[in-house]
Amino acid sequence: MYSLINVVGLTIGITCFVFISLYVKFELSYDQHHEKIDRTYRVLTKEEGIESNVTDVYTLSPVPLFTSMKAEFPEVEEITTITVREATLAKNEELFLAKGLFSDENLFDIFTIELLEGQDKKTLQNKTSILLTQTTAKRIFGKESPVGKTILYNNKDVLVVKGIVADSPENQHFKYDFIVSRQLYPNWERDVNDWFTCEQRGYILLKQGQDYKELNRKLTKYEEPMKRAYKNGGFSFFPKFSLQPVKDIHLYSNLDDELETNSSIKYIYFFSFIGIIILLLASMNYMNLAISRYTEKSKEVGIHKVLGAKKGNLLFKYVGESLVLSVLSFFIAIQLAIFLLPLFNDLLGKNIILSFSEDFWFFASMLLVSIVLGFLSGIYPAVFLTKVNLVKSLKGNFWQTRGKRFSLGDSLMIGQFIVAIGLMICSVVVYKQLQYFTQKELGYTKENILHMSYTSKDIMAKENIIRNELLKHPNINQVSISSQLPIKITSNGPVENWTGNYEKKSMRFYRSYVDYDFIDLVDMKMVEGRSFSKEYVTDFTQGYIINETAMKKLGWKTAVGKDFFRGKIIGVVKDFHLQSLSFSVKPLFMTMRRGPDRYRGQILVKTNESDFKNMKLFIEETMKSITPSEYIEVKSLENTYDNLYESENKLGYVFSLFALISMLIASMGLFGLVSFHVVKRTKEIGIRKVLGSSSLGILWLVSKKFVKLIFISLLIAVPIAYYSMNTWLENYVYRIEMNTSIFLLVGLIVLSTSLITICVKAYKVTISNPVDSIHTE
Amino acid sequence: MTQRLLNIHQASRVVKSGGSRISILNEIDFTASEGEFISLMGPSGSGKSTLLNCIGMLDAFNHGHYTFLDQDVHKMNERNRSKLYREYIGFVFQAYHLIDELTIRENIETPLIYKKVKPSERKAMVADMLDRFNIVGKKDLFPEQLSGGQQQLVGIARALVANPKLILADEPTGNLNSKQSIEIMELFSELNKEGVTIIQATHSEENASYGSRIVNLLDGRIITD
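Order-wise, the sequence lines are chains A and B.
To convert, take the position in the first sequence, counting from 1, and add 296; that gives the numbering used here.
To convert, take the position in the second sequence, counting from 1, and add 5; that gives the numbering used here.
The set of hints was computed from the structure by calculation and includes no laboratory data.
Honestly, I wouldn't trust all of these hints.
Computed footprint of chain A on chain B; a stretch qualifies when at least three of its residues, placed anywhere within it, have a C-beta under 8 Å from a C-beta of chain A [stated by the list, open to error]:
1) 85 to 94
2) 103 to 110
The following label-pair restraints were derived from C-beta to C-beta distances [stated by the list, open to error]:
3) L107/B with K613/A: 28 to 38 Å
4) N67/B with K613/A: 39 to 49 Å
5) S1048/A with H14/B: 44 to 54 Å
6) H208/B with S1048/A: 46 to 56 Å
7) L107/B with S661/A: 49 to 59 Å
8) N1065/A with G50/B: 13 to 23 Å
9) K123/B with V668/A: 51 to 61 Å
10) S1048/A with K80/B: 35 to 45 Å
11) I1045/A with E106/B: 30 to 40 Å
Even for Gly, the Cβ is constructed at its ideal location relative to N, Cα and C.
Modelling step: build the complete structure from the supplied sequences, incorporating the hints.
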């Protein structure tokens, strides 16, 4: 029984550690498979206001910069550009939405990309070729070999499949389903010589032995000409350029326009910390259980000693025992890890693979950790045991001395409970914050709205038909087409013209291009003026609606009628949360969609039908009949909103998982300690029963001390958890207040769990016959 | 005629040991009246301690009848049984069985706490006992700081504090030297004269001679009474 609990405890500990190590290893391995990674850098653009102090760092830079750098700096060996964008690929009538990597032939000189079939470099020199990843090839062509076959790209270009490349590795900061020439990128012709557009990411390969910081300093030579050119072009800001090591992107970079949401080294530290803590917990647990078990078996130790066992023999025996158990636990943990890996991947949204041949060193180091764990966990109880007085241990009552107030076991238990309680508080706080996200009044409605994104001029041309066809359904009330969803408006840029801006200051405005129905459809409230209306012809060409924050920032008391940007203000909308609740409400303007603003955007549909599944089907079919070549995916706005908080959701899962595990381990430790305690006091309990104590009295006698220990743990854990969760909550401009109910709830959970644990063990002794326990002579 | 305190009729205690059943007490017939000082004698394993424990309701007979103050003990539930012995019975053990974590005063006080005696009353009763046994000066010491004889004195004080009708003593002098033994036995005989009924289990003829009646046991049976 004890060995079982011990193995379970150690197994849980080691399994968690294996998972955390896998995660950390995966995160640290990002982009490391590129052979020249140590010489590869990404170009960053920092936008600075010419007079004001607006700064923003982008991963996008103007294309002419790359040409210029290659020509002017001999230390640059190679330079390429990367953009990733979704596009449709069609074979016959079948449509596939896929992620395309737009680059040039230098891509293969800088990054290690395995070619499985066909050619590579030459492919990216012309606009008529395409490289597919293995998975994409299978998806589109099934079993037939795709090389040499044609694909219709975005419904207009016929491309020839020139080769198959390996799938983009999970631990690479850019992912793709196919690779094509950057000349296919929309507006490439325009951008290629334009210093004013930043749409491409530049990656450079430095020659051996070159210091990128050196080159960084040399890049300042662009500052003055840029400043002049931008000023002449009517801009109040100008770009500065710098380099960033590509190997740092995943863990140290969180800039605008990253290719994927990067992780942070903070998470690595956090999880490593948790991993070590869980190992510690498992080890403490082992010690507690071992001591309590040895106590019960103290006679055995006495006999060994009488038979002439030396201290060394006994140490060897008991440390050996813990080593065997920990190695056994290691093997079970590995099996468990392999078994649970898919679940773990799901949880983190990763695709980590574990294979014996490739991860030999990983397994070896995990085994080493387990051995060290076993040794450390075994040595203390063993030393403790060998010190026990021989005669007393034979008599079985070597606990008859009044002990110190706190034993090591007690402190270990307090430690375990601090962790368990702390993690539990964290998970409750994360959970509450998540709940807050979904319940917060946003300033618009996200219920009963379906949406789909599109990226084609074809749809733009058929807007009215789409609108009319969709509205034919009796349960569709409104249809609106806008540039962005209200939940996450990212497009922004400087505005320099407004009434009262005598100093020609520049202000960053978020922007949304909408239609007549948008504001009404998402139920935004106007605080001044009116919404866009067909009755006023000028609304379409020069009407602007700003939000309250913008009005405040502009220093206006009223807004309607004032000059703004390229027109006039017609209304002020009540502030709504235009981004995730991590951010405060930013100044925003809305204006009508016209001309080229319209070639990509979102179609929003308001329905009063609760069965979204049917409604989605109807919309998809209607869209197909109007624009058969478009790839349409209908989503509910509520789901899309919830996805904003995916990382918080994951954090919540992880916290509650670890809280559960540490509570489990702590309970096991408690179980061990209670057993120890009960054994120690068996005689006393017997005497008390003889003297007339009730069973409840005995139960309290046994639990009292532990209840006290748990209270101490609570006292220590609560401030720590409070402080750290406060720090976390500060990431969110809109957040919950931590109140005592959270701590009470957690305290209650921990206390009741512990009391149950205590009762399970103490019950036996409570109902036992005192005659047995006092007959120790 | 003195009042009958307890009556045991045809009582047996059988335990399972491995596959076989061993009878520790066999068809015991035993009566005790108030004011008696009975010594149970017999060699190790004769069943003295078990009989004592059964009388004290710490253990139970498997068969037969046991009445204590005219109440059927074998028919009672545990709660009432423990209420009964808490009220009327005090125990004295060979190994004293004092609680190591508690002081002398607290040790003597414990049965009163379980009997739900009020704190003020408790204090007076404990002080009484300390006085009577002349151990006032030791009241704040812990058991391990006392000699064996003194510890047993405390054990007896604890057994007496709640004014029991019956004291059960299992080899009360087994761990003591002869001088201490004599002191304890004289104390018992004094208590008996004051009206406390005592049943002791003992090996020693000398100790047994303090009693008013000797019951001899062998292999779980009463051979002479």
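Inset, instruction - Check each numbered hint from earlier against the structure, then list the numbers of those it violates in ascending order. - result: No hint contradicted; all consistent.
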